[in-house]
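Visitor: In case you want the letters, here they are:
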Amino acid sequence: MTHLLLAAGNTAVSTPSVSYHALAPIFIVLGAAMLGVLVEAAVPRAERFTVQLMVTIVGLVAALVVVGLLHGTRTTTPSPTGNDAFFAGSLSIDGVGLFLQGTVLALALVAALLVSERSVDVGSPIVASAAVVVGSADDRRLTTADRVQTEVFPLMLFAVSGMLIFPIANNLILMFVALEVLSLPLYLMAGLARRRRLLSQEASLKYFLLGAFASAFFLYGLALLYGYADTVDLPGIFTAQQTSGKSDVLLYTGLALLLVGLLFKASVAPFHNWTVDVYVGAPTPVTAFMASCTKVAAFGAILRVLFVGFSSAEWNWRPVIWAVAIASMVVGAVLGLTQTDIKRILAYSSIAHAGFILVGMVAITKQSTASVMFYVLTYGFTTLAAFGMLMLVRDPDGEATQLARWSGLARKSPVVATVMTVLLLSMAGIPLTSGFTGKFYVFRAAWDTAGPLVVIALLSSAVAAFFYLRIVVMMFFAEPPVDSPTIAIPGWAASVALTVGVVVTIVLGVFPQPVIDLASKASYFTG
Amino acid sequence: MTHSYALLALVLIPLVGSLIVFALPRGQAAAAKQVSLVFSLAALVYAIVLAARFKTGGPRFQYGTSWTWIRDFGVHIALGVDGIALVLLLMSAVLVPAVMLASWNALDSRAGAEEAVEAPRRRSAKTFFALLLLLEFFMLGVFTATDVFLFYVFFEAMLVPMYFIIGSFGGPRRQYAAMKFFLYSLVGGLLMLASVIGLYVTTGSRTFAITQLIGHVPGGATQKWLFLGFFIAFAIKAPLVPFHTWLPDAGAEAPAGGAALLVGVLDKVGTFGFIRYCLPLFPQASRYFAPLVLILSVIGILYAAFLAIGQRDMKRLVAYTSVAHFGFIGLGIFAFTTQGGTGAVLYMVNHGLSTGALFLLLGLLIARGKSRNVNDYGGTAKVTPVLAGLFLMAGLSSLALPGMSTFVSEFLVLVGAFTRHKALAIIATTGIILAAIYVLYLYQRAFQGTVRERVTKFRDLNPREVLAVAPLIALILFFGIYPKPLLNIINPAVKATLSDVHQQDPIPPLNATVAGGSK
Numbered sequence: 000m001t002h003l004l005l006a007a008g009n010t011a012v013s014t015p016s017v018s019y020h021a022l023a024p025i026f027i028v029l030g031a032a033m034l035g036v037l038v039e040a041a042v043p044r045a046e047r048f049t050v051q052l053m054v055t056i057v058g059l060v061a062a063l064v065v066v067g068l069l070h071g072t073r074t075t076t077p078s079p080t081g082n083d084a085f086f087a088g089s090l091s092i093d094g095v096g097l098f099l100q101g102t103v104l105a106l107a108l109v110a111a112l113l114v115s116e117r118s119v120d121v122g123s124p125i126v127a128s129a130a131v132v133v134g135s136a137d138d139r140r141l142t143t144a145d146r147v148q149t150e151v152f153p154l155m156l157f158a159v160s161g162m163l164i165f166p167i168a169n170n171l172i173l174m175f176v177a178l179e180v181l182s183l184p185l186y187l188m189a190g191l192a193r194r195r196r197l198l199s200q201e202a203s204l205k206y207f208l209l210g211a212f213a214s215a216f217f218l219y220g221l222a223l224l225y226g227y228a229d230t231v232d233l234p235g236i237f238t239a240q241q242t243s244g245k246s247d248v249l250l251y252t253g254l255a256l257l258l259v260g261l262l263f264k265a266s267v268a269p270f271h272n273w274t275v276d277v278y279v280g281a282p283t284p285v286t287a288f289m290a291s292c293t294k295v296a297a298f299g300a301i302l303r304v305l306f307v308g309f310s311s312a313e314w315n316w317r318p319v320i321w322a323v324a325i326a327s328m329v330v331g332a333v334l335g336l337t338q339t340d341i342k343r344i345l346a347y348s349s350i351a352h353a354g355f356i357l358v359g360m361v362a363i364t365k366q367s368t369a370s371v372m373f374y375v376l377t378y379g380f381t382t383l384a385a386f387g388m389l390m391l392v393r394d395p396d397g398e399a400t401q402l403a404r405w406s407g408l409a410r411k412s413p414v415v416a417t418v419m420t421v422l423l424l425s426m427a428g429i430p431l432t433s434g435f436t437g438k439f440y441v442f443r444a445a446w447d448t449a450g451p452l453v454v455i456a457l458l459s460s461a462v463a464a465f466f467y468l469r470i471v472v473m474m475f476f477a478e479p480p481v482d483s484p485t486i487a488i489p490g491w492a493a494s495v496a497l498t499v500g501v502v503v504t505i506v507l508g509v510f511p512q513p514v515i516d517l518a519s520k521a522s523y524f525t526g
Numbered sequence: 000m001t002h003s004y005a006l007l008a009l010v011l012i013p014l015v016g017s018l019i020v021f022a023l024p025r026g027q028a029a030a031a032k033q034v035s036l037v038f039s040l041a042a043l044v045y046a047i048v049l050a051a052r053f054k055t056g057g058p059r060f061q062y063g064t065s066w067t068w069i070r071d072f073g074v075h076i077a078l079g080v081d082g083i084a085l086v087l088l089l090m091s092a093v094l095v096p097a098v099m100l101a102s103w104n105a106l107d108s109r110a111g112a113e114e115a116v117e118a119p120r121r122r123s124a125k126t127f128f129a130l131l132l133l134l135e136f137f138m139l140g141v142f143t144a145t146d147v148f149l150f151y152v153f154f155e156a157m158l159v160p161m162y163f164i165i166g167s168f169g170g171p172r173r174q175y176a177a178m179k180f181f182l183y184s185l186v187g188g189l190l191m192l193a194s195v196i197g198l199y200v201t202t203g204s205r206t207f208a209i210t211q212l213i214g215h216v217p218g219g220a221t222q223k224w225l226f227l228g229f230f231i232a233f234a235i236k237a238p239l240v241p242f243h244t245w246l247p248d249a250g251a252e253a254p255a256g257g258a259a260l261l262v263g264v265l266d267k268v269g270t271f272g273f274i275r276y277c278l279p280l281f282p283q284a285s286r287y288f289a290p291l292v293l294i295l296s297v298i299g300i301l302y303a304a305f306l307a308i309g310q311r312d313m314k315r316l317v318a319y320t321s322v323a324h325f326g327f328i329g330l331g332i333f334a335f336t337t338q339g340g341t342g343a344v345l346y347m348v349n350h351g352l353s354t355g356a357l358f359l360l361l362g363l364l365i366a367r368g369k370s371r372n373v374n375d376y377g378g379t380a381k382v383t384p385v386l387a388g389l390f391l392m393a394g395l396s397s398l399a400l401p402g403m404s405t406f407v408s409e410f411l412v413l414v415g416a417f418t419r420h421k422a423l424a425i426i427a428t429t430g431i432i433l434a435a436i437y438v439l440y441l442y443q444r445a446f447q448g449t450v451r452e453r454v455t456k457f458r459d460l461n462p463r464e465v466l467a468v469a470p471l472i473a474l475i476l477f478f479g480i481y482p483k484p485l486l487n488i489i490n491p492a493v494k495a496t497l498s499d500v501h502q503q504d505p506i507p508p509l510n511a512t513v514a515g516g517s518k
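The listed protein sequences correspond, in order, to chains A and B. Sequential numbering of the first sequence, starting at 0, is according to numbering that gives the first Met the number 0. Sequential numbering of the second sequence, starting at 0, is according to numbering that gives the first Met the number 0.
So that you can see chain A by itself, here it is in the shape it has in the complex (with noise of 0.2 angstroms):
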C-alpha cells in the first residue's frame, strides 16, 4: 500500500472532487439512516414505529427518484486530483450500477413495507427487545408485548446504503466495505424474530461466523490481487493483466478468493451453506429482504469484478462459473425435493436461482449483463411475495411453514393460494410469468458459448419445478388438516407489497419490453 504511506506522508493534500449529485441516493440513505438513529433517541415510543417507518419510505423513495433523474449517466467519481489518484474512479456511477441500484431500493421499499406488517402477528414480525435471554421470563412477556425493537429500520437503511455501493464499486477496497456495511445489519436483522427467538439467534450467529469468514477470503484474494497488480482499481488490474511480468498464480488464486467472498454473499453452491438456515431463522419479511436485495447487490458485484476486472481472463473464469453454476442448480434444485418446509424449499429455490442467475454470466456480452439484470429484477420481486405470503398463514405459535400444514389451503382462501401459485409457477418459469421471461433471456444469452450448461439449466429447472408444484398440490388438491392454520388478513402495508410483488410478476411475464429495453440500454460499464 505504498500509494496510501506517501499520501499520507505528504504534506500538501488535496481534496479529492467527488461529484456529489451522482453519489445522492447513497447520500440520502445514509441521512434517512442516520436520521432513524436520531428518532431511536428522541421521539417517545407511541409515535416511534410511525415515525421510523416515514423516514424509511421517504428515504427509499427520494433515493429511488435520484437514481431516476440520474438514469444515462456516465462518470466514475472521484477524478483524480493531485496526489488522491489512489481512491480516483473508484466508484462508477454507469448503467448497470443505476439499473441495480434502483433494483435494490425498489425490492427494499417492498420489503421495508412487509416489515412493518403489524396486523398479522401481535405488534409485528420483528420481536419487542432482541437482547432478552431466550428462556426466561422476559422473554416469555416478549410474545405478547406489542413493542417492536424499531432499530430493524435504520438496520435496514445501513444495509441498502452498503447495497447501493457494493454494485458501483469499482474499487476493490471500497467495495469490501461496502460488503461489510450491508453485511452486518443483515446480521442482526436476522437475529429479530418474534417467534422462536432461539432459532432466529441461532441464525444470526451463524451468519454472523461465516459471513466473517467470507469476508476474510474476500480480503486475502484483494491482498493477493494488489500483490499481482499493485492497484485495487477493477480497470488498473485489468490493464496489470496485459503489462504485469508477475506470475498468473496470484492472479487466479486472488481472484479464486475474491470470487468466494462474493459467491457466499449470492448464496451460490458450494458457499451456501449457510443460506437456508438464516433464511429460515430470520423473521420472514428480513429473509424476503435478504433473498432479493441481497441477492441484486452481491450479483451486481461479480457482474462488474468479472466484466470489468477480469472480462480477458475469462477463459480462466469461465470453467468456475460454469462449476459453481451446475452445483448451484443441483443442490438447490435435488435438496429443495427432499424439504417438507415451505421456508426451506424457497431458500433452495433461492440457490438454484442464483445458478440460473450465473448461467448469464458465462458469455460476456452487452446481452447476458441485461439479462442477468432483468433476472435479478423479476427474481427479487417474485420471491419478495413469495415469502411475504408465509407470513399470512399462521398457528397459534407463529408462522405454519411446514408443508403439511398448507393441505387445502385453496378450500378456506382461495385468494391466497392462487396468489402464491402464480408466484410458484413463476419461480418454475413457466411462461406468461416474469420467471419464464427472465429465464428465457438468460438463456438465449448463454446458449451460444454455453449450449449444454443451458441444456442442464432446463433439466435442474424441470426438477425444480416438482417442488414448487408440489405446494400447489398441497394448496389444492389434498384435504385440509383438522385444525386448519388461520389465514390472517394482511394490512394495508403487507397488502401493498404483496400486490406489487404479484403485478410486477405477471406484468413483466405479459409485457416485458419497457424493462428489457430499459436493462438492455443501461448494460453499459464505465470505468
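It is worth saying that the hints were derived from the structure and are not from the lab. Don't be surprised by glycine CBs; every beta carbon is placed ideally from N, CA and C. Hints should not be assumed to be uniformly reliable.
To be verified - The calculated label-pair distances, taken between Cβ atoms and stated as ranges, are:
#, chain 1, residue 1, chain 2, residue 2, range
1, A, Thr337, B, Gly219, 40 to 46 angstroms
2, A, Pro395, B, Arg205, 55 to 61 angstroms
3, B, Gln27, A, Glu179, 57 to 63 angstroms
4, B, Lys483, A, Asp516, 47 to 53 angstroms
To be verified - Now the stretches of chain B that chain A is said to cover, found in silico as 3 or more residues with beta-carbon under 8 angstroms:
#, segment
5, 68-81
6, 186-199
7, 382-395
Assemble chain B onto chain A, guided by the hints.
Guide: Using the frame of chain A, we list chain B on its own:
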C-alpha cells in the same frame, strides 16, 4: 403483412369468457355454466365461419397477422392457419361445448345425484367451466400461432388449466396423475425451449416467425440436436411409445370431460407439432430420424393395443387405445407421402371426435355405476339402450369401421405408409384387428350379457346428454361418407409441408397435375 383480426378475435372469445366466469360470485354455478356454454358456442360458430371463408386454393397461411410482442427477443404475436391447423381448430371448437354439455351436472352432487362422480367433495362447477374456457383459449392459440416462441408459450401454459382440471376434479389418484402429467410435459417443454433458443441463435434470423425460419436451420449435427429437443417434447405430448406412461394415469384419473380434451385435443398438439414444426424446420434431421420414429410408431400400435385388451379400468383402456392410434398418426406423418400425411391429419380430427365421444360416454356410464372397473357392469345395453347405442357407434369409429371417417384416415395412412415402407405398413395393419378386439371386448363386457345388479337402476341418457355426444357421432358418419371437404383443406397444406422436407410421393397420385409442391 395485412392484418386480419379474425383469428385474434376467435382466440380471445374463450379467454374473455373464462375471465367473466372466474369473476362471477361464488354460488353462481348455473350462470357460470350458461355463460361458458354461450362463449364456447360463439367460438364454435365463429370458427365455422372462418373455415367456410378459408380459400382452399389460396395461400398456405391465411388470416395471417403479426404484432410485435417482445421486440428484444424478436417475438411476435403472429397468428395464421393452414389447412392442418384449421381442421384441428374446428375439432377443438366442436369438442369444448360437447364436453361442457356432458359435464353439466357432473360436479353437482345435488342437482343430479347419479351423475356426480365418486366422492362428494366440495368442488366448484364455476372453476371447472372457467378452466375449460381457459384451456380452450390456449388450445386455439397453440393451433393458430405462427411464431415459434408464441407457440411455446401456449404449449406450456396449456399445462396449467389441465393440471388443475385433473388435480381438482379427478379420480382418487388425481394428485399423482396431475403431477405426473405436469412433470412429463414440463420436461419435454423445457427441452423444446432449449431448441427454441437454439433455433433463434443458430439461424441468426432474429425472429421466431415460422415462415422465415423454414429452410434456414443449418444442417448437420446442429439440426439433429434441435430436432430432438422439439421431437421429445412432442413425443411426450403425443404420446409416442416409450414416452407414453403418463397418459394412462392422466386419462384414467382426469374427469371424463377433461380426459376427452386431454386425449382429444392436447395430445394432438404433439402430432400437430411434428407436422408443423419438426418436418418443415428440420427436414434433414426429420429424414434422418424417420426410420426410428416409424419403428416406434409401429411398436406403439401393437404394444398399446395389447395393453388395452388387458385393461379392466375402462378409462385406462381408452387411454391405451389412444396411444395405439397415435402410432398410426406418427406412421402417417413420417412416411413422407401425401396420402400418409393427409391421412394422419384427418386421423387427428377423427380421433379427437371419436375418442372424445368415447370418454364422454364412459364418463356418463361411470357416473351412473360409480366404478371404472368394467367387470362391475354387464347387460347395460338392456337398461340404457341409447347410451349403449351411442357407445357402440363411438367404439366402431374407434376401430375404423368402413363408413366411419376414421376408416378413411386409417386407410390413407396405411396406403401412404405402404408405398414407402411395405413391411411396417403390413405389421401396422394387424393393429386394426387388435382394435376390433379391444373395442368389441369392452363393449361386450360392459353392455352385453346378463344384467348386473348395480346396472338395473341406471337412467338412460337425457336429451342434454344425447345432444352432447350425438353431434360428434354425426360428424364421424358424415365425414366417413363424404370426407372431401376436409381432405380439400388438408391436402394442400400437407403437400406444402412435404415439399419443405424435400420429399415427393414415390408413386405419383392419380391426378398427377395436382401433385405440385415437389422439388
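Visitor: Against this structure, judge whether each hint is valid.
Guide: Hint check results:
1. A/Thr337 x B/Gly219: 40 to 46 angstroms: holds, 42 angstroms
2. A/Pro395 x B/Arg205: 55 to 61 angstroms: holds, 58 angstroms
3. B/Gln27 x A/Glu179: 57 to 63 angstroms: holds, 59 angstroms
4. B/Lys483 x A/Asp516: 47 to 53 angstroms: holds, 51 angstroms
5. 68-81: holds (count 5)
6. 186-199: holds (count 8)
7. 382-395: violated (count 0)
When the structure is compared with the earlier hints, a violation turns up for hint 7 alone.
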